[in-house]
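Novice: Now for the letters of each chain:
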Amino acid sequence: MIEVKNLTMKYPSGKGIFDLNFFVNQGEVMGYLGPNGAGKTTTIRALLGFMKPNNGTAAIGGMDCWYKATEIQKALGYIPGEINFLDGMSGDEFLKFMHDMRKTKDISFQKQLLEMFELNPKGKIKKFSKGMKQKLGIVTAFMHNPDVLILDEPTSGLDPLMQNRFVDLLLSEKAKGKTILMSSHMFEEVEKTCDNVLIIKDGRIVKQSDVQTLKITQRKGYILKTTDINSLAQALQSENFEIGSIHNNSVEVFVSAHNVDRLIKTAANFTITHFDIKVQTLEDIFMQFYGQEEKSR
Amino acid sequence: MSITLFKTTLKKNWILLLIFISVLLLYTLEMTLIYDPENMEALTSMLKVFPEELMKAMGFSDLVTDLTAYLASWLYGMLMFAFPMIYCIILGNKLVAKTVDNGSISYLLSTPNSRVKIIVTQGIYAILSVAVLFTALFSISVLICEAKFPDLLDIGAYFKLNVTTMLVNTAVMMVTFFFSCLFNDSKYSFLFGAGIPIMFLLMNMLGGISKDAEFLKKISIYGWYDPVKLVRGKDYFNLNMLFIGIIIVLFIASVLVFKRKRLPI
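From first to last, the protein sequence lines stand for chains V and U. Just so we're aligned: the first sequence equals residues 679 to 975 in my numbering. Just so we're aligned: the second sequence equals residues -18 to 246 in my numbering.
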C-alpha cells in the first residue's frame, strides 16, 4: 500500500533522508522509530506530497505521492507532528470545515471519536490545551474513515489514559484493514500496536524488523537489592550476565527475554529485598540497536 | 477554486477589509466636507502653510478647483494607494506565507484539494477584496458628493479614476501575494512583499518633489498615471491593460511557484 523506493530528500543543511526503501502492506501497522532529527517527519513530508524528492519515489496505493497528492488525499488520514489549526476557528467549526473540504458528510464516526477521547470541540481552538489540540488532530485524521493513516507522533501531549484509548483505536482500525504508518517516541505504544518496525537514524534505515523479534532481542534492565551485594554480583558474573552498575546494595543487570528465567533462578539463592524493572527509554533501545549495528560492521 | 475555503478566508478577513473601507471613507468624507466650490483659494491658501515639497510629495496639486479634479488630486494623489497598500501587505502575507510558516496549511493540503486550487482560491479572494474596497469607496463617495454638491461630480471621470486606482492597487496586491507564495518564511515574504510596494510609494513621493527626481516617479508603479489628467480626459486604456497584464502574470507566477515548491510543514 505504501511503497518507498530509493527515496532521497536533501536539505540545504546537508541533512535529510538518503536512499530509503520500505513498504507497508495493506492492513499492516508499521512503527517508525528514531531519535529527533533522524528523518521521520521528512519521510512523512514526502508521503504527503509536501516535498518533491531529489531522487527515488514514494507511492501510496500505486500512486506517486508528489504527482498524485490530491488523489491520494481522498483516502488518507494524517496527523502532523506539530499540529497547527487554522487561526480563529472553534473546534466544531474546524471539523465541519474539514468535512466540507473533503466533501464527506457522514459524521457518525466523528461523534464516536469525540466520545472516545472525551473531547468537547466547542470553543476557540486557540484556547484548547495541548492535549485537547492533539485529540482534535486525532479525530480529524480518523473521522472520514480513510484507508491509509500517516501519523506523526500521534500521542504527544496525551495523558496515559488517553494514550491507551489511542492504542485501542489503532487496534480497532487495524482490525478494519487500515494501513497505518506511525512515527513514535514511545516504544510501548509501538509494541502494543505495530506489526513491524522501522528504525531510522541520520536519514538512513538502520533496522527493519517485526515487533516480536524486537521484543525477544530487546534486553531489559533489572534492579536487584540484597543484603549481600558482592556475592550476588559474583554469582551473576559467573553466570555470564551483563552487569550495569553496582550501587550500595543494589545491582543492575541487563537480560534479554529468554534469559529472565535463569536470572530469577540465580537470584533465588540470595535474600532479595527489592526487585524492579528499569524503565527503558527509547534511547536505551536505540543505543542497543546502534550498538549491534556497530558490532556487525 | 474551493467555495468552502473561500468562505473560511472571507470569514477570517472581512473585518480587515471593513476597517480599511471605513478609514478611507472617513478620509473621503472629510475631504468632501472641506471642499468649497465658491472659495477654493481659502482652502489652498490654508494649505500653503505646509512646505511646498511636502504637498508635492503627497501628490496635492493646488491648480484644481472643480470637485472631480480636487478629489483626484487630494485623495487619489496618494491616500488611495498608500492606505490600500498597507491592506495589501497585511492580507497578502496572511493568505499564504503565514499559513506555511505556522504549518496550518498542512491541513488544507491533507484534503483532496490541489495546491493550485488552494492558491487560486486565496488569489481570487485577494483580488475580489480590492475590487470590493473600491466599489464601496466609489459608490459611497458618489452618494456623499451628490448629497453635498448635487451635479458637481463628473461621475464618469470619477469612475474611470477608480478603475485605474483599483487596478494599480490590485497589481500591488499581486506583488505581495507572489512573494507570499514564493517564500516559506513569512519574514522574507514580508520583507519583499512590503519592501517593494513601500519603495514604489517612496519613489513616487520623492519623484513629485523636484524635476531632478522625476524619473523616480516614472519607474514607480504609482507614478504611471496622473489622477488629475485622468479625470480631465487623458486616456489610460493602455495603462489599464498593462495593469491587468501584470496582475495576470503575477497570479500565474504565484500559482506556479507554489505548485512546485517544497513545503517544510
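I should point out that these hints are in silico values taken from the structure, not numbers from a laboratory. Where a beta carbon is used, it is the ideal one built from N, C-alpha and C, also for glycine. Where hints are given, some of them may not hold.
Unchecked claim - Derived, one-sided and incomplete: chain U residues facing chain V with beta-carbon distance under 8 angstroms:
hint, residue
1, Leu(-14)
2, Thr13
3, Pro18
4, Asn20
5, Thr92
6, Pro93
What the hints assert, rightly or not - Quick list of in silico lysine-lysine cross-link-like pairs, BS3-like style, CA-CA up to 25 angstroms:
hint, chain 1, residue 1, chain 2, residue 2
7, V, Lys805, U, Lys98
8, U, Lys242, U, Lys98
9, V, Lys683, U, Lys98
What the hints assert, rightly or not - Covered stretches of chain U, as calculated for chain V (at least 3 residues, CB under 8 angstroms):
hint, region
10, 116 to 129
11, 132 to 141
Novice: State for each hint whether it applies.
Specialist: Here's how the hints hold up against the structure:
The restraint placing Leu(-14) (chain U) at the interface with chain V holds, with a minimum CB-CB distance near 7 angstroms, inside the 8 angstroms limit. At a threshold of 8 angstroms, the smallest CB-CB gap from Thr13 (chain U) to chain V is about 36 angstroms, leaving the interface hint violated. Of the supplied interface hints, the one on Pro18 (chain U) is violated, with its beta-carbon coming no nearer than about 47 angstroms to a beta-carbon of chain V, more than 8 angstroms. Nearest Cβ of chain V to the Cβ of Asn20 (chain U): about 50 angstroms, over the 8 angstroms cut. The hint is violated.
Given hint, Thr92 (chain U) at the interface with chain V, holds; its Cβ is 4 angstroms from that chain's nearest Cβ, closer than 8 angstroms. For the restraint placing Pro93 (chain U) at the interface with chain V, the shortest Cβ-Cβ distance is roughly 4 angstroms, inside the 8 angstroms limit, so the hint holds. Only pairs whose Cα atoms come within 25 angstroms are accepted, and Lys805 (chain V) paired with Lys98 (chain U) is rejected, the gap being roughly 30 angstroms. For the hint linking Lys242 (chain U) to Lys98 (chain U), the alpha-carbon distance of about 15 angstroms falls within 25 angstroms, and the restraint holds.
Distance hint between Lys683 (chain V) and Lys98 (chain U) is unfulfilled; the C-alpha atoms sit about 29 angstroms from each other, more than 25 angstroms. Interface restraint, the region 116 to 129 of chain U with chain V: violated (0 residues with C-beta to C-beta distance below 8 angstroms; minimum three). Counting residues of the region 132 to 141 of chain U whose beta carbon lies closer than 8 angstroms to any beta carbon of chain V gives 0, which falls short of the minimum of three for the stated coverage.
Taken one by one, the earlier hints fail for this structure at numbers 2, 3, 4, 7, 9, 10 and 11, listed in ascending order.
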